[in-house]
Each structure stands twice: as C-alpha cells, then as structure tokens.
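Asker: Sequence:
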Amino acid sequence: MRFAVIDIECTGGSWGDERIIDVAVFILENGDIVDQFISLVNPKRGIDPYVTKLTGISNKMVRTAPKFYEIAKRLVKITEDTTFVAHNIGFDYRVFQQEFEALGFDYHRATLDTIPYCERMFPNWSNYGLKTVAKELGLINSARHRAEGDARLTTELLKILLEKDRSSFLEEVQVSKSDSENRNPFKEQVKHLHNKVGMYYIYNDSGEPIYIGNSKDLQNSINRHFVADNKLALSLQAEAKSIEIEDFGNEAIAQIQHKRTLDKLRPLYNSTKKKQFLGFGIFTEPKKSVLVDFVRVHPIRNKQPEFYFEGNKSMYGFLQHLMMNESLDPLSFLLDKDREHYFKNTKKLQWKAKSKQVTLSTMRQYLFPSDATLIGPGRKGNEKCAILIENSRLIGYTYFYLATDGTNRPKLKKRMVHLEHDAYAAGIIHHFYQKGYLEELETE
Numbered sequence: 001m002r003f004a005v006i007d008i009e010c011t012g013g014s015w016g017d018e019r020i021i022d023v024a025v026f027i028l029e030n031g032d033i034v035d036q037f038i039s040l041v042n043p044k045r046g047i048d049p050y051v052t053k054l055t056g057i058s059n060k061m062v063r064t065a066p067k068f069y070e071i072a073k074r075l076v077k078i079t080e081d082t083t084f085v086a087h088n089i090g091f092d093y094r095v096f097q098q099e100f101e102a103l104g105f106d107y108h109r110a111t112l113d114t115i116p117y118c119e120r121m122f123p124n125w126s127n128y129g130l131k132t133v134a135k136e137l138g139l140i141n142s143a144r145h146r147a148e149g150d151a152r153l154t155t156e157l158l159k160i161l162l163e164k165d166r167s168s169f170l171e172e173v174q175v176s177k178s179d180s181e182n183r184n185p186f187k188e189q190v191k192h193l194h195n196k197v198g199m200y201y202i203y204n205d206s207g208e209p210i211y212i213g214n215s216k217d218l219q220n221s222i223n224r225h226f227v228a229d230n231k232l233a234l235s236l237q238a239e240a241k242s243i244e245i246e247d248f249g250n251e252a253i254a255q256i257q258h259k260r261t262l263d264k265l266r267p268l269y270n271s272t273k274k275k276q277f278l279g280f281g282i283f284t285e286p287k288k289s290v291l292v293d294f295v296r297v298h299p300i301r302n303k304q305p306e307f308y309f310e311g312n313k314s315m316y317g318f319l320q321h322l323m324m325n326e327s328l329d330p331l332s333f334l335l336d337k338d339r340e341h342y343f344k345n346t347k348k349l350q351w352k353a354k355s356k357q358v359t360l361s362t363m364r365q366y367l368f369p370s371d372a373t374l375i376g377p378g379r380k381g382n383e384k385c386a387i388l389i390e391n392s393r394l395i396g397y398t399y400f401y402l403a404t405d406g407t408n409r410p411k412l413k414k415r416m417v418h419l420e421h422d423a424y425a426a427g428i429i430h431h432f433y434q435k436g437y438l439e440e441l442e443t444e
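Under our numbering, the residue at position 431 of the sequence shown is numbered 431, and the numbers go up by one with no gaps.
Note that these hints are calculated values from the structure, not bench results. Hints may contain errors.
Claimed, not checked - Lysine-lysine pairs mimicking DSS-like chemistry, simulated, CA-CA at most 25 Å apart: (1) Lys337 x Lys313; (2) Lys352 x Lys337; (3) Lys241 x Lys216; (4) Lys216 x Lys44; (5) Lys60 x Lys77; (6) Lys384 x Lys191; (7) Lys414 x Lys384; (8) Lys77 x Lys67; (9) Lys380 x Lys259; (10) Lys380 x Lys356; (11) Lys303 x Lys337.
As the list claims (entries may be wrong) - Label-pair restraints from in silico Cβ distances: (12) Ser327 x Ser206: 35 to 41 Å; (13) Gly207 x Lys313: 27 to 33 Å; (14) Ala403 x Lys187: 45 to 51 Å; (15) Met61 x Glu163: 32 to 38 Å; (16) Arg74 x Leu54: 25 to 31 Å; (17) Pro299 x Gly138: 31 to 37 Å; (18) Phe122 x Gln276: 25 to 31 Å.
Just so you know, even glycine gets a beta-carbon here, dropped at the ideal spot from N, CA and C.
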C-alpha cells in the first residue's frame, strides 16, 4: 500500500477562505520514503500576522513561490493511487479539495487520519497533538509548524503505527474513497453554490429542520458537514434526508434572516451556546427610558442590549463618534470599568462636554443614515440588493438592476420584502455599512 503523508500551512482567514502557503508530501511504500514534494506556495492574498508569527512564513517569502495551479499537476501525480494521510485530516484534505475545486478539478483520494489511528494504538495519552506524539515516541521535529517538519514527523509516526499494528486497526480508521464520496448525498445538489450567499436547511425524514446554517459560500459550508467526523457532523449525516437553499446574495440579509429563523424554529443541532455574529452590546440606563444617562458595555450573554456590535473596536468607535458629536463626557457617560477599555480602543480625541443625557432615538441615528436606501451585492451578476431605512428603522429589502430598474425609491418600496426592525438587525446593518459592504444610494 502506498501512502501520501501530507501537511500544509495556510494563510489563515475564515472557513473556506484559507489558501495554502506551504505544502509537503512524502510517499511511503513498504516502510520507505520513495518520493517527496516540498514547496512554498504563493496564495495570491495576504498572510494573517498570527500565521507568520506561528510559522515564520512571511508575505515576502511566498512572493516568488509558485502559485497553486503551477504545482497542481505534480500534486495530482504524486498522490495518484495512494491513501492521503494527515494528522487531523479534516483540515488538510478539505483545503486540498478546496484549492483543486477552484481550478475546476474534483480531487478525491482514500484518506487516513493518524489521530484516531494513534488513539487506537496508544489509548492512554493525555492528547494526540504532534508535540505530544514527538515527546511520547522520542521523535524529533526540526521545523514545527512548517509543512516539511510536520509531514516528516507524521511519516515517522505512521511507520511506527504500521509496525505496531497487529490487529488490523488500519482497516477501521481508514476511510475509502467511495465512503468519503458517499457520505455527502447532496454533493450534486450544491455543486453550483460555490461563493453563493444565503441560508440552508437540513431536514430529517419527518421533514423537520434539524440544522439551519448561513454562509457566504453555501457549497463549502454544506459539504463541510459531510466531510467532518465530529459528533455533530456524524449525527447530521445519519439523520439528513433533504436540504433546502435560500439564496439571498447579500451577507447582511442572510445574517438577519438566519438569526430570526433560528429564534423561531430552534433546530435540534444548532447550539444555543454558539457565539453569535454580533457578540458585544451597549446597554442603556435607565432601562427602557427615552433619555439615556449612561451606558454599560460588555459581551452579550443572556440579556439583550439596545445596540449590537461585532467587537470592542467597532463598539467603542461608535460611542466615541456619538459622544463627540453630542458633547457627552466619557467620564460620566461610561462606567468606571468601561472607561479603560474605551480609551484603549479609540483615538485620543478631546471635545468640550456640554450634555449629560442623550435620547435613545438620537443614539440610533449614529448607526446608519436615518432615511436611506443602502445597496450591496445581489444574487447574481449586476443585480443589487437594496435595504430600505426609514426613521432609523429597517423596513425591508428588495433586488433590482441599476441599469434597467433605476433608483426610484417609491417603486423599490412597493416590491420590497417587509422586515420587522429590531436591535440585532440594526447592528447587522451598521456592521456592513461601516465595512463599506453597504453603500447609500442616491434615489429619485
């Protein structure tokens, strides 16, 4: 049997956006390395700073490296008729497939994860990370967090496992090519959804939604459930009978509709403990008063805030803009424990404080334009999504083409899908407006 022992390092980024920057392949046959391929890769995008710190691979180092399409043929050839082996294979194999998919190539190999194999052969270790493996087995990794070093260590581990395996555990932990393909019954249904933005529903045989997700790459997110082998993924794979797609084309609308659908349906496998997209909040005091004396700011747990934000930086930036324009004093408008974080997360600006209170409605006016049509990407081509705001409140959305439909707001209102306004929806609109994903449209 031939094994292709593989390790990669990536740029970082959200799930589905990662790109390979370092790859190593060692072909193991009859206990010997018979071929190998090692290369840096130009990802055609920036490397996250934490990745550079961890791996030592900088943007400068990969600038002249081959791009993935330039080494793809070699990777296909060297791994042909092999079992794809990695330590925590879910990540390496997924990103490999992702890179090939971008080139229009359907990459599949039989797979073997050395972690469950290791667990079978050495059941009493505290954990099974490569650092522990090296320590327990007396192996040396001369280049941790680099593809060559980690792949070489995994190769040595595999040799030991194969030598030690007298009970054919390999047959239990290996996933055949046909098995890995058959685990996803919806592969054909979702193959046209690459980079599509929207929601997806996974139903059981009773027609009940057991999981509802949203994504800016529906194909990747849905496929992920049928490649992974964690407890949630295996439960979904066992119960999934059908899927339904809602193509919104726009991240802001997808986020709003996803949150509302989850709150309404509460599917079995959606965790209530999972951190929501907007995880920080501003709580006003006195509660439920139109006049605000001061605010409290902290991560959202059980209570619902008046204003939602993705993180500290955007939340404190909003507060600074509000206080400066409304002549509020941070020393009285913020609690003692919040001031330190405020000054850490904002620019050093000074203004003369004149006011002690601000109305809730005035605060809302600083989220986005009070009366506006905000536009962003639509579902296809040149289509746009228009989000309509009146009196600082979301009223609905629709899709249109600038070239043929024009910018007549009354017409857009007539055909819009109505949406109830709430604080979370306002937070989503604010987030994408601040990012420049949504822009104000001059309407007729």
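Asker: Compare the structure with each hint and give your call.
Answerer: Going down the list of hints, with the structure as the test:
1. Note on Lys337 and Lys313: the hinted pairing holds, with a Cα-Cα distance of about 16 Å set against a maximum of 25 Å.
2. The suggested pairing of Lys352 with Lys337 holds, with an alpha-carbon distance near 22 Å, which does not exceed 25 Å.
3. Note on Lys241 and Lys216: the hinted pairing holds, with a Cα-Cα distance of about 23 Å set against a maximum of 25 Å.
4. Using a Cα cut-off of 25 Å, the hinted pair Lys216 and Lys44 holds, with the two alpha carbons roughly 20 Å apart.
5. About 29 Å separates the Cα atoms of Lys60 and Lys77, which puts this hinted pair outside 25 Å; it is violated.
6. Taken as a hint, the Lys384 and Lys191 pair is honoured in the structure, with Cα atoms around 24 Å apart against an allowance of 25 Å.
7. Straight-line distance between C-alpha atoms of Lys414 and Lys384 comes to about 16 Å, which keeps the hinted pair within the 25 Å bound.
8. Taking the CA atoms of Lys77 and Lys67, the gap is about 17 Å. The hint holds against a cut of 25 Å.
9. Our distance criterion of 25 Å between C-alpha atoms is met by Lys380 and Lys259, whose separation comes to about 23 Å.
10. With a C-alpha separation of about 49 Å, the suggested pairing of Lys380 with Lys356 is violated against the 25 Å cut-off.
11. A C-alpha spacing of about 19 Å is found between Lys303 and Lys337, which places the hinted pair at or below 25 Å, so the restraint holds.
12. A hinted range of 35 to 41 Å for the beta carbons of Ser327 and Ser206 is inconsistent with their spacing of about 59 Å.
13. Between Gly207 and Lys313 the C-beta distance comes to about 43 Å, which lies outside the given range of 27 to 33 Å.
14. Distance hint check: the CB atoms of Ala403 and Lys187 are about 36 Å apart, inconsistent with the given range 45 to 51 Å.
15. The beta-carbon spacing between Met61 and Glu163, approximately 37 Å, falls within the hinted interval of 32 to 38 Å.
16. Restraint check, Arg74 to Leu54: a C-beta distance of roughly 26 Å satisfies the suggested window 25 to 31 Å.
17. Range check, Pro299 to Gly138: about 44 Å between beta-carbon atoms, so the 31 to 37 Å window is missed.
18. One distance hint, 25 to 31 Å for the beta-carbon pair Phe122 and Gln276, is violated here, with the actual separation near 39 Å.
When the structure is compared with the earlier hints, violations turn up for hints 5, 10, 12, 13, 14, 17 and 18 and for no others.
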